[in-house]
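Student: Residue numbers (this note's numbering), protein chains in the order written: chain A, 2 to 296; chain B, 2 to 275; chain C, 53 to 482.
Treat the hints as calculated values from the structure; they're not laboratory data.
You may find that some hints are simply not true.
The calculated DSSO-like cross-link candidates involving lysine-lysine, where the alpha carbons are at most 30 Å apart (straight line), are [as the list claims (entries may be wrong)]:
1) K46(B) <-> K290(A)
2) K334(C) <-> K46(B)
3) K46(B) <-> K204(C)
4) K393(C) <-> K46(B)
5) K376(C) <-> K44(A)
6) K44(A) <-> K475(C)
7) K291(C) <-> K63(B)
8) K63(B) <-> K233(C)
9) K334(C) <-> K63(B)
10) K475(C) <-> K63(B)
11) K482(C) <-> K63(B)
12) K63(B) <-> K204(C)
13) K190(B) <-> K290(A)
14) K46(B) <-> K233(C)
15) K44(A) <-> K233(C)
16) K63(B) <-> K393(C)
17) K44(A) <-> K400(C)
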Amino acid sequence: MGLARLRSRHLLHAYLFIAPVVLLFGVFRVVPAVQTLLYSVYKVELLRGRFTFIGLDNFRDLAAEPAFAQAMVNTLVYVAAIVPVSAALGLALAVLFNTRFPLRELFKAVYFAPMVTSTAAAAMVWWWLYNPQFGLFNVLLRLAHLPDQPWLMSSRTALTAIIIFSVWKSLGYNMVIYLAGLQSIPQQFYEAAMIDGAGPIRRFWRISVPLLAPTTTFLVIYNGILAFQVFDQVFVLTGGGPANATNVVVLDLYRQAFERYNFGYAAAEAAVLFALILGITAVQYLYSKRFEVAY
Amino acid sequence: MGRAAGRPLLYLVVAAVAVVMVLPFYWMVVTAVSPASDILAFPPKWIPSRLTLEHFTVAFAKAPWLTYYQNSLVVAVVSVGSSLLFGLFAGYAFAVYRFPLQNVFFLLILSTLMVPVQVTSVALYIMLARIEWVDSYLGILAPNFASAFGVFMIRQGIKAIPLDLVEAARMDGAGEVRIVLTIIAPLIKTTLATVAMILFLGSWNDFLWPVIVINSQELRTLPVGIALFKDPYGSINYGPLMAATVIASGPMLLAYAVSQKFMIRGIALTGLKG
Amino acid sequence: MRRLTGLLAVLAVLCLLPAFASAQAKTTVTLWYPAGDITAGAAHFADKALFAEFEAKHNVKVEAVGLDYDTMQQKIFTAAAGRNIADILFIDNGWAPGFLKEEMLEPVADAKAKAWLAAVSPEIKELSDYGNGRMWGYPQYGIDVYGLTWNKEHFKEAGLDPEKPPRTWAEFREYAKKLTKRDAQGNITRVGYAIRHVGHPHGIVHKHFWALYSAGVRLVDDPLLLRGGKAIINTDGGKAALKLVLDMLDVDKSTSLNFPDPRAAFLKGIASMQISETVSIKARQPKEAPDLKWGMALPPAPKAGDAPVSLLGAWVYSVPKQAKNKALAWQLIEWLNSPEKDYELCRKYDASPRYKVNWDKEPFKSDPYDQALKVMYPAGKKLPINLGFNGVMDAVGGAIQKVWHHEAPIEAALAEAERQANKAIADAAK
Chain A
2 MGLARLRSRH LLHAYLFIAP VVLLFGVFRV VPAVQTLLYS VYKVELLRGR FTFIGLDNFR
62 DLAAEPAFAQ AMVNTLVYVA AIVPVSAALG LALAVLFNTR FPLRELFKAV YFAPMVTSTA
122 AAAMVWWWLY NPQFGLFNVL LRLAHLPDQP WLMSSRTALT AIIIFSVWKS LGYNMVIYLA
182 GLQSIPQQFY EAAMIDGAGP IRRFWRISVP LLAPTTTFLV IYNGILAFQV FDQVFVLTGG
242 GPANATNVVV LDLYRQAFER YNFGYAAAEA AVLFALILGI TAVQYLYSKR FEVAY
Chain B
2 MGRAAGRPLL YLVVAAVAVV MVLPFYWMVV TAVSPASDIL AFPPKWIPSR LTLEHFTVAF
62 AKAPWLTYYQ NSLVVAVVSV GSSLLFGLFA GYAFAVYRFP LQNVFFLLIL STLMVPVQVT
122 SVALYIMLAR IEWVDSYLGI LAPNFASAFG VFMIRQGIKA IPLDLVEAAR MDGAGEVRIV
182 LTIIAPLIKT TLATVAMILF LGSWNDFLWP VIVINSQELR TLPVGIALFK DPYGSINYGP
242 LMAATVIASG PMLLAYAVSQ KFMIRGIALT GLKG
Chain C
53 MRRLTGLLAV LAVLCLLPAF ASAQAKTTVT LWYPAGDITA GAAHFADKAL FAEFEAKHNV
113 KVEAVGLDYD TMQQKIFTAA AGRNIADILF IDNGWAPGFL KEEMLEPVAD AKAKAWLAAV
173 SPEIKELSDY GNGRMWGYPQ YGIDVYGLTW NKEHFKEAGL DPEKPPRTWA EFREYAKKLT
233 KRDAQGNITR VGYAIRHVGH PHGIVHKHFW ALYSAGVRLV DDPLLLRGGK AIINTDGGKA
293 ALKLVLDMLD VDKSTSLNFP DPRAAFLKGI ASMQISETVS IKARQPKEAP DLKWGMALPP
353 APKAGDAPVS LLGAWVYSVP KQAKNKALAW QLIEWLNSPE KDYELCRKYD ASPRYKVNWD
413 KEPFKSDPYD QALKVMYPAG KKLPINLGFN GVMDAVGGAI QKVWHHEAPI EAALAEAERQ
473 ANKAIADAAK
């Protein structure tokens, strides 16, 4: 079959295959998202139906607001902590659970279990566990003769406490995705390497890790996008405090939108966040194409 | 695999961490079956003095669980089904074909994830209110007919398949749709099962959008129903709340168990390499 | 291929199932209220027969829908934006400034407002009147009154008279010191006074309002002014109010940041005193601490001779502008809040009534709790109604947190709070 005809047939297929997703997303996700982002250059009075164009005023207010700067910093710290940690731990667990050992399925289910509840419900449980007086964690610390921790009560430890919760919550998810990736690496590669005398560590770094690059790319990008928008656990566990120590961008814009009714300002925050996420994601995506190998 | 000496230590670490992982669930389940006096006791009792099902009775009486289950199930099945189907084809297209604006479309799909749903929900709600999809199944499903996560992950999964397979099938005269459904799909069974499970979980636990778009009590989904047991700064209702959470978690454990059946090694490729 | 068609068919069928909201011949009046134990005043919505009489008389159906409290404001706003909202909203009066800023509420008809204000007791009048007899809704019975609650056993143990609460800040600090207990390592096991310092900034301000206001911090210069005005926060009184607790934390060591939920701590016996809504202690104590003997009084004032201050709060029946059945909505609200219904429901749900005539009837006349409340009411103030008030609360709550968490000195925190508050007021006035 001629190459040109092949290509044009495939063009048709390509666009046809992506059409449902693009159309559905286009209408129900892209349009609302674009509208929301456009709100950022208006003074928005949604209920009166009045939109006053104010150019970059909202962004100027943003830049001058120390609370927003802190929210950005907190968010960046959160992302920088959780994405590599949960990916690395997820990979470690997946490799572990890829081997045979007694009660493996039980343990796998236990590590996966946190995913089963919603973030908000789990966070409610952890609010109780983090209680300095009678929460389970401090009770255990006391049993081990270690000092009590303030956990969510102190601006020094609150963000860390939230990060710990998020790691717990997302471990199983990362593990399961890495496992799926590992399962699709054919056994023969490992067998061939073993014949060549490679030990388990060598096999891990030379075979598993490179062949898992697509999975790693996916996890880093996807988890990154979600981590930038962390909300549920912060809302439930600390409400952004104490003293803005755990205020994150989405929580800040949520308050601005639904308590202060500054929808334009909130949209400006969303726009800044969007630009940041898009930039980082685009860079990661284009960079990652270099690492995708096939044997 | 692995030296014998390191194994028991590793096992111990895994077991210890597993205990920590399970602690919150332990608390949840224990609270659901502890009598109210134990829950309110101070210092709290970590081992219940006796087991009781009174919270389950209260929880069952207080809410129409069957309705919640039904609604959650309809929404989950439809959204997961359509997301898988559309995601399979879209993922294939992005993984296999080269076409103009490919990266643009892909980033566009990804970019829908980058604007917080808290604010886009308002614009979406206004749009749906105009076409009267609010307070209906269609309303809940509207943003969930497809999934960027699904497209992305399936794309990655298909990328791992050698193109020779696809070429061979084409030479045999198979149409593209046929290839996707009969050749590609079985090869990425594990990926599809994982995507299905995670999408199911996401839909089952989705709270914000159903809260916003549903007004009628008959259309409530499980997370919305459970939230009504909440009492932020009180401790009175923890028993029924935990019972409610336990009740809602059942199907998800089932979803997990089912998906684990699909975890098989990819040995289908041996034929080609030989 | 067949499986695909099958799937598509199922999808089509399911999508054609329209909204389950029934197509009834009768009009339905919908009412939204917060589900759970958020407020005792919402308890009666669970009674299916509550509206029976009204439904029969007007041949309508009344549907009371419980909503998740945490997302309630978001849902109300979104629904209003989509012009698809309930006919009656049962809302926290603290949300009113935000709603008024967006012009979301219908005002109460002047004649009805006048009648109501004349017939209800003074504290209800205080809560209902938004200036010049303007009303935006009807406050629910069983209003929140902030008061000091103390553990009588702990007082006795510490050598204090269990019937005499502290009346000045100096006494307050002294009592708290005496009531604090420590273990062998010196860790506090019981605080003399539990403070609310985490969670939503508005809540933090509510729980410390008594100190701020009685020290002269009015938060805004004119509490009944909707637009404009100035924030009054960074005064000597404000500094003193914040310093009171800061000293209790650092100098007296009679309180701690590790007892985050004052009411729970009080009920569990690990806090001897706390200041918050008395009605919630009254509701929770029988279940959570049946043996607790507690007292209730107005919070202490800065010095002898100063006036103590309490904060009043209420949940309010209001009608949004985008409601579809406004006339019916108002009729329902008026029916539910008539003197007869007030008496009936307050008796049934053990709450304090609103009408002057009902206060003269039993059981309210002799009930010790209600009569104790009556003594406290005159010192009650409601929060200012400035349209930018949410921003003022955010600012003040943030300042309080920063100071008590040792993140900023008092002067700087209050100055920053005043700046932010003025900005919020100005933004809302535009």
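Student: Now look at each hint and say whether the structure bears it out.
Tutor: So, going through the hints one by one against the coordinates:
no. : hint                : verdict
1   : K46(B) <-> K290(A)  : violated, 54 Å
2   : K334(C) <-> K46(B)  : holds, 25 Å
3   : K46(B) <-> K204(C)  : holds, 26 Å
4   : K393(C) <-> K46(B)  : violated, 43 Å
5   : K376(C) <-> K44(A)  : holds, 28 Å
6   : K44(A) <-> K475(C)  : holds, 16 Å
7   : K291(C) <-> K63(B)  : violated, 48 Å
8   : K63(B) <-> K233(C)  : violated, 42 Å
9   : K334(C) <-> K63(B)  : holds, 24 Å
10  : K475(C) <-> K63(B)  : violated, 46 Å
11  : K482(C) <-> K63(B)  : violated, 46 Å
12  : K63(B) <-> K204(C)  : violated, 37 Å
13  : K190(B) <-> K290(A) : holds, 24 Å
14  : K46(B) <-> K233(C)  : holds, 23 Å
15  : K44(A) <-> K233(C)  : violated, 54 Å
16  : K63(B) <-> K393(C)  : holds, 26 Å
17  : K44(A) <-> K400(C)  : violated, 48 Å
When the structure is compared with the earlier hints, violations turn up for hints 1, 4, 7, 8, 10, 11, 12, 15, 17 and for no others.
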